[in-house]
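Colleague: Residue numbers (my numbering), protein chains in the order written: chain G, 307 to 723; chain W, 1283 to 1586.
Rather than coming from a laboratory, the hints here were simulated on the basis of the structure. Glycine residues also receive a C-beta, built at the ideal position from the N, C-alpha and C atoms. Hints are supplied without guarantee of correctness; some may be wrong.
Okay, derived cross-link-like pairs now, EDC-like style, lysine to aspartate or glutamate, Cα gap no bigger than 16 Å in a straight line [to be verified]:
no., chain 1, residue 1, chain 2, residue 2
1, G, K523, W, E1586
2, W, K1372, W, E1415
3, G, K523, W, E1366
4, W, K1490, W, E1586
Interface residues of chain G toward chain W, partial, derived using beta-carbon atoms under 10 Å [said to hold, decoys possible]:
no., residue
5, I311
6, S324
7, I328
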Amino acid sequence: MNKLIAVIRREYLARVRSKWFIVTTILAPVLMAGAMGIPIALTLQGSDRQMLISVVDESGALLDELLDTEPFAAGRLRYVPPPQLDLEQALVSLQQQVLEQHLAGFLYVPADAFEGGDIEYWARDIGPTLVRATLEPATSTAVRRVQARKLGIDPAAAEWLTREVQLAAYRVTEDGVAREAGQTTIVAHILALFIYLVVLLYGATMLRAAVAEKASKTVEIILSSVRPWQLMLGKILGVGAVGLTQIAVWVSAAALLLVYAASAQAFAGVEFMRNLPLGLDTAALFLALFLTGYFLYGGMYASVGAIASSEQEASQLQLPVTLLVIVPVLVIPIVLETPSSSTAVVLSWIPFFTPVLFIARYVLGAVAYWELPLVFTLQLLTILCVAWLGGRIYRVGLLMTGKRPTLPELLRWIRHG
Amino acid sequence: MEGNLSLRLESIHKSYGAKVAVDDFDLAVPQGTICGLLGPNGAGKTTTIRIILDIIGADRGRVEVLGRALTPAARDRIGYLPEERGLYPKMKVAETLVFLGELKGTPRRVAAQRAIDWLERLELGAWATKKVEDLSRGMQQKVQFIGTVLHEPDLLILDEPFSGLDPLNVDILKEIVLEQKSRGATVLFSTHNMDQAERICERVVMIKDARKVLDGPLAEIKREAWLAGRRRILLEIEGGEAVLENRALVAGTEQQGKCVAAALQDGATPQALLGALVAGGAVVHRFEVSEPSLHEIFVARARE
């Protein structure tokens, strides 16, 4: 027991004192904030800027209505008249202006625009915010008004008739609490990505830790004093403790920020933050899933580390394990869209995907309570399997240097280890 | 067997696939002796040591350490210096030693105190809080040696302990080994440097091709080899040439620098030769019964 503690302490201190720890502790939240904040900031900034749009209107009827629509009236889009040339030359000239960035883009309205002809938008950047959120609705409105007039209907009545309906979505959960859907999905996504991130981060750390004995040639001296399983367990617990420390630092920093924000009303997102579906139950589940995920992948990364004889080799060998971590991130859209579908449910039960996908389903309120014991039993069983297999690979692998084992050799290690 | 046995191996066998690494190996090392484990590279020395330390398991056979079966507690009484040296490069020197001590069950505070004492003694005191990677190779080797003896083991297993060290440090470490012996520790000393083995070991065991080919007290082995092989006398004499021609005493001679090496005839004794030389009026400056060196015995056995 004392030996195990000695191994854990060494592993923990070696990691926590390293530059790596300090850098990732500071950098990870910055990167996370950057990854989420930059697109938002860009969108906000983009909406502030006035965009110059030209319109070549061959139908002769649309332009006036278009300039009456909200984006042009509010000044987010500004109309630039096209050059007074014949059509061909005007289009060439406009394209040149787009290339030279004098124009954000231009609309081409063909003469048959009201008989089913396509209205075209030409630009360098065809981002969804601009096209779908601004230009498209504005053009639709304008077209509708022109057509209403042709039919002799009051344009206002036409707009009333063709109102787009937006559903206010409420999620029904077992708690009976209805929550606003968009927010919940974002939180589910963030928590799932966070689990993915930390499992990957500490998995990679575990990999380096497992190679350390071979790389520094301390294997024999260590193994003459402790059992391989003690070494492996000590390492997994030590690195896991590093992970918990780091998460604790992040969470306290985030909590301080929230408290500050809530008291000072420092930013507009406070209401949003307050309404987050983040209870203690979610926090507990998050922690539990981080731990099972970490043990699961930590064990696998440790085995990979034991097969390799240097860090470089280890980083080549880790690919299969890393792919397994990435899969749930690829399928997470399915889970976010339809968390109660049988596909999502089954995917979230697969032990290797559970940590990432199950937290998402839980936040979305799509988890039945009987699933909890089932999922955690599966997690524990898989962890035991991985530990058993990994322990055998680790034991033989530790003393092997030089040649990398082939698959049949690996199977022999497992059989005879 | 004399006294208690510190180490006893009984029909140890280990093979990797078709390759036999250790074949039916017996070993008995009495307490308080320094026993050399000799053999060419790849003979099975390291495998044997790993089996003694339970780093790998034998296919069959029995290991007894300090009179007990090989339990984790018994393992804690062993100090091991592997041939392949290595310490965690980023760890501080004193912390490394405390860690190694803890792994052998020494309480932290005791280990910390002993680490400081040892570092002072080996003139590494100023390096205690430096990282291992900042030390020279020789210094690292000394640190590792301290790690081997820090928990005051009853059995020391040293695999090529002096390789790569300068003569000054070899002497320092040798002194420590002898000191450990006088403390009552038993030392199993694996090497293929015969000069070192000859100088430090009381017993030697030699392995060749996974089998034991030689085992016993060094003096006895040498005497047997002397009796079995060409028995030679190194001479520095004036006169007495006629005696060396006496084929009843001398089988042949060979000039070796200013000495003459005389091979004794079967049945002749060194005393008879000396008596004949003195009686023949030769002035004897040197008369040395030349034992075969361990090196010669080793080479002869290894070639067999």
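Colleague: Each hint should be assessed against the structure and marked as holding or not.
Modeller: Hint check results:
Under the criterion of a C-alpha separation no larger than 16 Å, the hint pairing K523/G with E1586/W is inconsistent with the structure, at around 35 Å. Distance hint between K1372/W and E1415/W is fulfilled; the C-alpha atoms sit about 6 Å from each other, no more than 16 Å. Restraint check for K523/G and E1366/W: satisfied, since their Cα atoms lie roughly 7 Å apart, inside the 16 Å limit. Restraint check: the Cα-Cα separation between K1490/W and E1586/W comes to about 10 Å, which is no more than 16 Å; the hinted pair holds.
Annotation: interface hint on I311/G holds; nearest CB of chain W at approximately 8 Å, less than 10 Å. Taking 10 Å as the C-beta cut-off, the interface hint given for S324/G holds, the closest approach to chain W being about 7 Å. Interface restraint check for I328/G: the shortest CB-CB distance to chain W comes to about 14 Å, outside 10 Å, so the restraint is violated.
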